[in-house]
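J.: These protein sequences, in sequence, are chains E and V.
Per this note's numbering, the first sequence starts with residue 1, numbered consecutively.
Per this note's numbering, the second sequence starts with residue 1001, numbered consecutively.
Honestly, the hints are just simulated from the structure, not real lab data.
Beta carbons: idealized from backbone N, C-alpha and C, even for Gly.
Do not rely on the hints blindly, as some may be mistaken.
Claimed, not checked - Derived Cβ-Cβ restraints for the label pairs, each shown as a range:
| id | chain 1 | residue 1 | chain 2 | residue 2 | range |
| --- | --- | --- | --- | --- | --- |
| 1 | E | Glu-608 | V | Arg-1183 | 14 to 24 Å |
| 2 | V | Asp-1237 | E | Thr-620 | 23 to 33 Å |
| 3 | E | Trp-155 | V | Gly-1230 | 41 to 51 Å |
| 4 | V | Gly-1187 | E | Tyr-510 | 23 to 33 Å |
| 5 | E | Glu-146 | V | Asp-1063 | 36 to 46 Å |
| 6 | E | Arg-240 | V | Pro-1228 | 34 to 44 Å |
| 7 | V | Pro-1054 | E | Asp-528 | 46 to 56 Å |
As the list claims (entries may be wrong) - Sample of chain E residues lacking proximity to chain V, with all beta carbon distances greater than 12 Å (derived):
| id | residue |
| --- | --- |
| 8 | Tyr-364 |
| 9 | Ser-447 |
| 10 | Pro-493 |
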Amino acid sequence: MTTKDDRPSKDPTPNKKALNRRDFVKTGVVAGLGSGVLLDSAEAQAQVPASGTQQTVWHYEADVVIAGGGCAGLTAAIRAVDLGASVLVVDQNFDLGGRMLHSAGRMSLGGGDPVQQRDMSGESDREGFVTVAPIEEPEELDDDVELLFTDLTDWSVVDPKGQAPYRYNERELARAWAENCPATRQFLIDNYVRFSRVAGTHGGGGLSRARLATCFLMLGDVTDIKAGTITAEDAGVADRERSSAFAPLRMNNASRSVGPNAVANGAALSRCLEFSAREKGVQFILHRRFDEIVREQPVAGRVLGIKAHYSPRQHPESGEVLQSLWQNGNIDERRDTVNIRARKAVILASGGHAGNPEVRSMFYPALREPAFPTSGRALLGSGGQDGSALIAGLRIGANLAGMQQNLSYFTTFHISTRLGTRDAYTGMMPGHPTFGFRGSAGFSVGSSGFEEFIAVNQVGKRFFNEVRLPARPGPSAYPGDRGAPGRGLDHTPLDWRNCRKEWVREMYNYDHGVHAALALNEGSEAPDYYSGPLWAVFDQDAVDRNGWELRYPYVSDNGYFFQADTIEDLAEQIYAGHEFQRVPLKYLADTVGTWNGYVESGADPEFEREVDAPMNRIATGPFYALSIMVIWHDSYGGLRVNGRQQVVDMQGQVIPGLYAGGEAVGGFNKHGLGKGHVHGYIAGTHAVEEPSL
Amino acid sequence: MLRLVVGVLGLACLIAPAAVAQQQPDTVLLERGQRLYKENCALCHRDLGAGDPPTFPALRGSDQLRDPMRVVRTIRQGRDRMPPFPGLTAEELSALVNYVRNVWADGSSNVTTEEVAAVLGGLEETLPMGSVWDGVFTEAQANRGQAAYEGACGTCHGHRLNGAPDDPDMRSTPPLARARFLRVWQGRSLATLFEFTRATMPEDNPDSMTEQEYVDVIAYMLLLGGMPAGDAELQPDAQSLARVVIRAGR
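Start from the sequences and build out the full structure, keeping to the hints where you can.
T.: Structural data, given as structure tokens:
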């Protein structure tokens, strides 16, 4: 974790428009403040006596205070506002949406949700955008809460790593989640989110029915959330090499699941919810990291609020503080640390831990390696996915849950096929404010492209069969699974044959290359024994064979792409130019020589490459090296909560006034968006029912 | 499904457990038949003849194999969604039919090349064989194919057709152009590509595009693969597509 930024504020005056101080000044901090949100520093600096020994100076207050403005946080915020609460959201990034904004916008809910019902009837959406026929047969959409609950706790289902994702789910969480799916889908629709036809389901969404629909907007002359339209420029489809501030990831063509001119991904979900939240009066403090939960006693009593410090995201070159796409509802607060009081409840929705190497070491010590920042680092910054909810929760006595589930999700960490970029997970092109944090978009060669080079570790030695290195197992499957559509009816829940060893043997498909990539090598030194960065090394012939476009914005001179006339020079350049290359690649020239010998003889005795693909000499300069990244994909494991999303302590007791949802929460192995939105919906519902302080 | 296809093509030869034949055909011919089976049939019917019903019928235990001359005609002319294989000679057909019937039927009546040639003589021959390098599609068709590709295929197979999805959440897929596509598909006909694609793609909703869209997407794949456009469009007709062979070079 980086240290906080203590620079003095340039402008200590908050954005007055966003604030409503009148009510506060009159009534102080007692309950019943309507929409009032702040306590201004220049005025009262109210001293709120906590019932413990210490006193906290509160700078802001609201009925519900939410840490994190992603899928769980925005949903919880809107839900709480709908139920009459005042809501303040704190987010560490310069913009809202978290990882949701960058997602594919595919969301599996179900239990007989309104989109399933719409497709069963064959109807269009209420705006008439959905013009294609339903993709799934009505029987595949005929779902209910009981079936969904059964699916989410089905002990018999395994994935191609032979692991069982559902059997470890907390049953109370699964039940609450299933019961709230239909209402959450309707809630999202009521807040401008448009859903495509249902097609199939997700890993984690249960196998028995089709539950996955994708969020879309329609291409049009203007971007207008109420009308459901977006320009080609904002959707990122006008120019493949340019992103908009609206959508960090180019939006997908959704003509098959919606109709002509539909585009889909997480931007069509995130921006619509954000628009609704701002329209309904949710207030936001951005550029601010949530650090601590304030409780009456260190590990006892009610939760009173949070502390959060100013941590502006600044453009890496100009130093300018980045601005959110929309501003209404933003509070421009630049003091170092502010304390925010929650009259009813705090909701932790600040995401998972994939971006915090120290927290990751709880799950996989070798992934403490900081060379692999992973999981949207450029988009979210070092404060994104930083385990803040887990860390703060532990300090006040919260329990954890599902800590093994990172290892029982099929794709938690793997080797990216996108080479030559600092952030191999995200897809921002120039035009998005965060492109500068990656410096290059990277070049995705696909799994099959790995046969075109040798992959070496930090000392320049090969470590695995390159062809099998990026292989990723798929989601859970059952005997006879033929994929969507029409896959669910054939699944028999809770049938022992779903995981009989003959089926597992047939289905098992995992190569373990990522573990070889993270292995100790001669450059690993005490006390951390970091495995170091990984490099794809190839020659000009490989570029010519494949027509690879090794140019800006795909690669750049950012320390993740090198080119040289000799292998020796290439090794020196990497050592001099890459931030995590701690040792020289002293074996690289020998490795290339040995490889060329293998190519000549047609056999690779070390890794049996010849079995999988042709081998090509690396002999024609110039020579190239592109970084290969291990990415930590999603987070599982986190705070323990009950079915109302209330955080539970080590004694099994609810921590009063504290809720959590999304990737901050453990014990429920379910793909991100579906998990986060329903958690947010549940948390927002119950947080408002708390008595006011 | 894709995993299985790659498995079939990437595996070393497995000798299928041959049923004991009444008349032992010679081993050389059987091995020839097995090789032809792998090159032409195993893509769908799989190494062990199990197919992938109902998309790809099983050969093992199929009563369709009972009459050898029916098998000859089926392979040569196609049947239902199975593409025709007009490029096979009478000699190759007899080796293939005898292999298939020896392994998965009783194999009691082997056919000779002469008998097969006699059957073929009665079939109407139409177009000459050609290749994807003969200008078999038009640029306008490939452009239409690009639009269809972006809607149905591009999300998974990537805008470079190299099997690299632009979405980092998605797993890689088989390439649809250039060397690694050709390694799997060279020697096969566009009819095989057309019918295989219709039967299996898009993975989340196979056979959901029109025949014209499938053939347009193939035109786009050929264009991206460097094959020349010509004056006439590729037709969504298995008989004519079967006469266009995918080759790595002219």
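J.: All hints are to be evaluated individually against the structure, with a verdict given for each.
T.: Hints and how they fare:
1. Glu-608(E) x Arg-1183(V): 14 to 24 Å: About 18 Å separates the Cβ atoms of Glu-608(E) and Arg-1183(V), which means 14 to 24 Å holds.
2. Asp-1237(V) x Thr-620(E): 23 to 33 Å: About 44 Å separates the Cβ atoms of Asp-1237(V) and Thr-620(E), which means 23 to 33 Å is violated.
3. Trp-155(E) x Gly-1230(V): 41 to 51 Å: Violated - the Cβ-Cβ distance for Trp-155(E) and Gly-1230(V), about 58 Å, lies outside 41 to 51 Å.
4. Gly-1187(V) x Tyr-510(E): 23 to 33 Å: holds (32 Å)
5. Glu-146(E) x Asp-1063(V): 36 to 46 Å: The hinted range 36 to 46 Å holds for Glu-146(E) and Asp-1063(V), with Cβ atoms some 43 Å apart.
6. Arg-240(E) x Pro-1228(V): 34 to 44 Å: Check failed, 25 Å falls outside 34 to 44 Å.
7. Pro-1054(V) x Asp-528(E): 46 to 56 Å: holds (55 Å)
8. Tyr-364: holds (20 Å)
9. Ser-447: Since the minimum Cβ distance to chain V is about 3 Å, Ser-447(E) lies within 12 Å and the statement is violated.
10. Pro-493: holds (22 Å)
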